[in-house]
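Engineer: Here is what each chain is made of, one letter per residue.
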Amino acid sequence: MIPIDTIQSTAETLMDKAAIEIPQDYLDGLRATAAVEDGDLSSFVLQAMLENYEAAKEDRRAMCGDTGCPRWYVKMGNDARIEGGPVALEHALRLATANATNGVPLRPNRVHPLWRTDHNNNVGINAPEIEYGYEPGENGAQANWIDLTTVHKGGLFGTDYRMLFPSDGIEGIRRFFLDSLVAFGKRGLACQPAIIGIGLGGSKDTCMVLGKRAACLRTVGDRNPDPKIAAIEEEFKELGNSIGMGAMGFVGKSMVIDCHIEVGYCHTGGMQMSVHAFCLSSRRAVARIHADGRVEYRTDPDWFTPYQRRETVGWLDQLEAAE
Amino acid sequence: MAPPKIRLSTTPTPEALAALKLGDIVYLDGLMYTAREGVYMRALEEKANIPMELPQQSAANFHCSPAASINSDGSFTMGAVTATASFRFAKWIGEWFEKSGAKLIVGKGGMSPETYKQHFVPNGAIYLTTVGYGTGALLGRGVENVEAVHWSEELGHAQAMWVLKCTNMGPFIVASDLQGNCLFERENAKIAPGLAKAYEGTRPATLKRYGETDDRTDELI
Ligand code: SF4
Chain A
1 MIPIDTIQST AETLMDKAAI EIPQDYLDGL RATAAVEDGD LSSFVLQAML ENYEAAKEDR
61 RAMCGDTGCP RWYVKMGNDA RIEGGPVALE HALRLATANA TNGVPLRPNR VHPLWRTDHN
121 NNVGINAPEI EYGYEPGENG AQANWIDLTT VHKGGLFGTD YRMLFPSDGI EGIRRFFLDS
181 LVAFGKRGLA CQPAIIGIGL GGSKDTCMVL GKRAACLRTV GDRNPDPKIA AIEEEFKELG
241 NSIGMGAMGF VGKSMVIDCH IEVGYCHTGG MQMSVHAFCL SSRRAVARIH ADGRVEYRTD
301 PDWFTPYQRR ETVGWLDQLE AAE
Chain B
324 MAPPKIRLST TPTPEALAAL KLGDIVYLDG LMYTAREGVY MRALEEKANI PMELPQQSAA
384 NFHCSPAASI NSDGSFTMGA VTATASFRFA KWIGEWFEKS GAKLIVGKGG MSPETYKQHF
444 VPNGAIYLTT VGYGTGALLG RGVENVEAVH WSEELGHAQA MWVLKCTNMG PFIVASDLQG
504 NCLFERENAK IAPGLAKAYE GTRPATLKRY GETDDRTDEL I
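Protein sequences appear in the order of chains A and B. Quick note on my numbering: the first sequence kicks off at 1 and runs consecutively. Quick note on my numbering: the second sequence kicks off at 324 and runs consecutively.
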């Protein structure tokens, strides 16, 4: 049984870590980008960002004044039991979000869409989002842990959805990718260079969810296990960095730190596509809490396991097919 | 070549402003206040009295909501400071210049060339953009203290009028000059010709969207 106090204190630590410590994979990616950027202004922007991450860690201050929208991804091992059940878990995550808003401090961003009511704590109706995934134990072992991931997703700009069709093909996908990049890249509205996540297929909502998770839950350098999709990821990263634009929309070549694509089976007549930018403040922090109360912190959510991407009716069918 | 760095007062002289060129890097000293849609609506539409002497105390309007908290003893904890996109405030900016005498509009991403020509030039004002735009921790360091927070009850923390004492706060980039030239427009013009090449091997979507054009000089704002 996982103690609920541990969940809440871990969640508060995660809020703090996400807001202040840039994940190493993104930092390495940005350094590599900065090393080849030759546009004067773009270079200046990237150097300022690198200094900013240092300042944030030194001062224990949020890296960006804009909190974005803090959200939670909870992955439960198949055998995990939580003290108080899922209702207690959600309460703990909401409380941790509110406490951290005051504690770090973070800017309270969340308001009612119509009445603009502000609770000054980033909590409200349907906020923060809490999404779930489940994971079987490996090789018949019990999985009695939970993984908590918080993502502080910035960017009112940088996201788009479009219904494409099979006849649009890769040329249509490429076009919509570029359209999104250029539209929001001008003036740097997307706060690029960013991790670009692309969702393909599913239905409208699944497509958005997959694209957002591709941007937020996969680390720089990670590739889709389908080699042909992995090749498109590489191609799009190159393509995005060769349009002549860089940070803040200045002349340069730093738009994309990495590109991640996730797919879902869709209606036979359609090919949904969504594009998401995980900005210069790519804030994510992860912890695994074990049944005995042990907590391990990391920055790779490791969300997209073979189980999450399964395509057969049952998980066991897939395991057998692989053998 | 690294762009030049300049220290600028938040109550700048016309000469100091005239010397600034597009792309210069600026660090600010003096008082700066945050004002965005909440403050504009309250001051301009509801005609509430602005609780500061403007522009004597400050001629610098920051489009920003800081990540700060107001402690129970009334003191403030200042965290990170990041600007918000300015183009959304175009409808209030002319009237705000008249009322506030602002000379520096500081924010994210600049405003349109039309707004510069129509409102900034006649008021002798320029636009400074934040950098990144995620340099919140660096800018937070430049805030020596919070002098006051006005209208936080009425508008909430995010929309309140925060009065910040700035020392060597930056970096900011000059995005418009006294003639109304626009840095982002200049950059877009340089980038546009190369875009055509990147678009080779793409195809417009089979199903168009209402109002869509194929003109790649289009901008969303
Ligand atoms: S998009 Fe990201 S880096 Fe830019 S202001 Fe928002 S949170 Fe900060």
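Treat the hints with care, as some may be off.
[Claimed, not checked] Computed cross-link-like contacts, EDC-like style, restricted to lysine to aspartate or glutamate with a CA-CA straight-line distance of at most 16 Å: (1) B:LYS513 - A:GLU238; (2) B:LYS520 - B:GLU535; (3) B:LYS328 - A:ASP38; (4) B:LYS520 - A:ASP38; (5) B:LYS531 - A:ASP38; (6) B:LYS520 - A:ASP40; (7) B:LYS344 - A:ASP40; (8) B:LYS520 - A:ASP292; (9) B:LYS513 - A:ASP40.
What the hints contain is simulated information worked out from the structure, not anything from laboratory work.
Engineer: Each of the hints needs a verdict: does it hold here or not?
Structural biologist: Consistency of the hints with the structure:
1. B:LYS513 - A:GLU238: Given pair B:LYS513, A:GLU238 is violated - Cα atoms ~20 Å apart, limit 16 Å.
2. B:LYS520 - B:GLU535: violated, 21 Å
3. B:LYS328 - A:ASP38: Judged against 16 Å, a Cα distance of about 19 Å means the pair is violated.
4. B:LYS520 - A:ASP38: The hint is violated at about 20 Å.
5. B:LYS531 - A:ASP38: violated, 37 Å
6. B:LYS520 - A:ASP40: Violated: B:LYS520 and A:ASP40 sit about 22 Å apart, past 16 Å.
7. B:LYS344 - A:ASP40: Holds: B:LYS344 and A:ASP40 sit about 15 Å apart, inside 16 Å.
8. B:LYS520 - A:ASP292: Judged against 16 Å, a Cα distance of about 58 Å means the pair is violated.
9. B:LYS513 - A:ASP40: Distance ~14 Å between B:LYS513 and A:ASP40 Cα, so the pair holds.
Hint compliance for this structure: hints 1, 2, 3, 4, 5, 6 and 8 are broken, all remaining hints hold.
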